[in-house]
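We have chain A already, so just place chain B on it with the hints.
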Amino acid sequence: GDSVTQTEGLVTLTKGLPVMLNCTYQTTYSPFLFWYVQHLNEAPKLLLKSSTDNKRTEHQGFYATLHKSSSSFHLQKSSVQLSDSALYFCALTSGPNYNVLYFGSGTKLTVEP
Amino acid sequence: EAAVTQSPRNKVAVTGGKVTLSCNQTNNHNNMYWYRQDTGHGLRLIHYSYGAGSTEKGDIPDGYKASRPSQENFSLILELATPSQTSVYFCASGDATGGYAEQFFGPGTRLTVL
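Protein chains in written order, with the numbering used here: chain A, 1 to 113; chain B, 1 to 114.
Derived from the structure by calculation, the hints contain no laboratory data.
Beta carbons: idealized from backbone N, C-alpha and C, even for Gly.
No false leads were slipped in.
Far from chain B, some chain A residues (derived; all Cβ distances over 12 Å):
| hint | residue |
| --- | --- |
| 1 | 12 |
| 2 | 22 |
| 3 | 24 |
| 4 | 65 |
| 5 | 70 |
| 6 | 82 |
Once the Cα atoms are required to be at most 30 Å apart in a straight line, the calculated DSBU-like pairs of lysine-lysine come out as:
| hint | chain 1 | residue 1 | chain 2 | residue 2 |
| --- | --- | --- | --- | --- |
| 7 | A | 45 | B | 65 |
| 8 | B | 57 | A | 45 |
| 9 | B | 11 | B | 57 |
| 10 | B | 65 | B | 11 |
| 11 | B | 11 | A | 108 |
| 12 | A | 68 | A | 45 |
| 13 | A | 108 | A | 15 |
| 14 | A | 77 | A | 55 |
| 15 | A | 15 | A | 55 |
| 16 | A | 49 | A | 68 |
| 17 | B | 11 | A | 45 |
| 18 | B | 57 | A | 108 |
| 19 | A | 55 | A | 68 |
| 20 | A | 45 | A | 77 |
| 21 | A | 77 | A | 15 |
| 22 | A | 77 | A | 108 |
| 23 | A | 55 | A | 108 |
| 24 | B | 57 | A | 49 |
For reference, chain A alone in the conformation it holds in the complex:
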C-alpha cells in the first residue's frame, strides 16, 4: 500500500544554516505530495504541495521538488531561523482514493541560536 518515509526523527541546526528534510514515498498511482508544519501545541498546517514532476514549489522560504524517478519530495531551506523550529510531516495522497492522506512519522527540527 501507499506509504511515506521520513528518515530523520530529530534534526538540530544552528540559525542561518541550510536544512534538508528527507521524504520518500511509495505508491503505484500518480502522487500528490505535501509538507505540513506543526509548531508546538498547535495544529498541523499545510506548508507546500506538489503533483508536478521536477518542478520546484516554494512557500515561506521553504522549497521542495517532486522527483517521481526517485519517489522523493525533500524539504529544503537555505537559511533556517529560530521560528522554523517545529515538527514537519511529509504526506502523500494518490489514486484510487485522493481523499485520504498518508503521513510520514515526522521530523522535529530544532534551530539553536
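For chain B alone, kept in the frame of chain A given last:
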C-alpha cells in the same frame, strides 16, 4: 481558511469509561477526518467521512467508533477507553475538489486515560 474546532481540548478519562470527542467545521467541506498523534508515529488515520451519515475506517479503527450526524459535525467515540488510547487527537476537514484532499486541522484534544 477552514475553521475547525474541537471539544474538549483536554480530557481525563478512566479505564473502561466512555469518551466522546467532538469536532465542528464551518467551511462546508464534505470530508472530515480523525487522527491520533503519538511520538514516532506521526498522524495516523482512525476514521473519516465523506458526508453526513457516512463513516469509513482508516488505518487504526479498532477501539473507536465515529459518527457524522451533519455536514458540520464529526464525533469520535471510545466506548471502553483504555490507557493505550492516551494520545492527542486531531480532527480535520477537506475536499478533493482540486484533485487532491488538502486538509485543515483543528487544535487537537489531549486525552489521558488513567
